[in-house]
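Under full-length UniProt numbering, the residues of the sequence shown are numbered 1 to 188, in order.
Calculated directly from the structure, the hints in this document are not laboratory data.
The reader is advised that the hints may include incorrect statements.
The list that follows gives simulated cross-link-like pairs (lysine-lysine, BS3-like), each with its CA atoms no further than 25 Å apart [as the list claims (entries may be wrong)]:
1. K92 <-> K19
2. K130 <-> K72
3. K159 <-> K23
4. K134 <-> K92
5. K72 <-> K5
6. K23 <-> K5
7. K171 <-> K92
8. K5 <-> K19
9. K23 <-> K72
10. K134 <-> K123
11. K92 <-> K130
12. K171 <-> K134
13. K130 <-> K183
14. K73 <-> K92
15. K159 <-> K19
16. K123 <-> K73
17. K183 <-> K159
18. K171 <-> K159
19. K171 <-> K123
20. K134 <-> K72
21. K134 <-> K73
22. K72 <-> K19
23. K134 <-> K178
24. K171 <-> K183
25. K23 <-> K92
26. K130 <-> K73
27. K73 <-> K19
28. K159 <-> K123
29. K92 <-> K123
30. K92 <-> K159
This structure is a prediction, so every number in the text was calculated from the model and none was measured.
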Amino acid sequence: MTQSKINYFNMINNAWRNKAGEKLADSLSYRHNHVLNPNLQVSNPEAECSDFFHSPLDEVVAAHLRCIGDMKKRDYNSAYQHQTVLVQSLTKMFQGLRDENWLLPAVNGVCLELRMVATYLMKQPGTGTKPLEKAAECLMACFRICTADNRTSEHDTKKWGMMSLVNQLFKVYFRINKLHLMKPLIRA
Numbered sequence: 001m002t003q004s005k006i007n008y009f010n011m012i013n014n015a016w017r018n019k020a021g022e023k024l025a026d027s028l029s030y031r032h033n034h035v036l037n038p039n040l041q042v043s044n045p046e047a048e049c050s051d052f053f054h055s056p057l058d059e060v061v062a063a064h065l066r067c068i069g070d071m072k073k074r075d076y077n078s079a080y081q082h083q084t085v086l087v088q089s090l091t092k093m094f095q096g097l098r099d100e101n102w103l104l105p106a107v108n109g110v111c112l113e114l115r116m117v118a119t120y121l122m123k124q125p126g127t128g129t130k131p132l133e134k135a136a137e138c139l140m141a142c143f144r145i146c147t148a149d150n151r152t153s154e155h156d157t158k159k160w161g162m163m164s165l166v167n168q169l170f171k172v173y174f175r176i177n178k179l180h181l182m183k184p185l186i187r188a
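Take these sequences, add in the hints, and give me the full structure.
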């Protein structure tokens with residue numbers, strides 16, 4: 001493993017241990033400058049990540065590394081699949097955090113990027129609106145976690161994530177012309 005890859009992995013571990021949601025969000029974003037590092041382009045990130053991270057964080061990082069590799073190759077279909085895995089894995093972790101919301105910046109960031117990758121994929125011939133519809137399902141799963149959090153204090157509630165997710169869902173629903181799906185979001 002190269003030194004810069006170790007630095008990147010340590011950056012993620014430190015963000016996780018210190019509950020630094022913003023730093024973790026940067027580390028899991030395909031728009032952050034770490035994606036320019038050629039040492040992060042690996043053929044089997046799952047093996048390297050499982051050696052360095054505990055589960056399910058290893059799944060999250062491996063999916064991110066696969067996604068950035070796919071984005072560089074402009075393979076939006078594969079990038080979309082890996083970003084979906086990333087969102088689903090991070091959502092499970094987020095749901096498991098009781099009385100904490102520090103992971104919210106990372107969840108919002110990967111959800112935003114899932115919508116963006118789905119939009120790129122939708123521009124490919126023959127894909128239709130399916131990618132955005134499936135992305136909306138992932139976004140709704142995160143939204144449900146945020147709305148269901150009613151046991152914590154106002155400072156630590158996951159409900160702070162609702163607005164960002166609603167914005168992403170509005171963009172998706174406008175794009176796929178399913179405006180009737182916005183009514184429950186407006187009520188929430």
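Please write out, lowest number first, the hints stated earlier that are contradicted by the structure. Hint check: 14, 22, 27, 28 and 29 fail, others pass.
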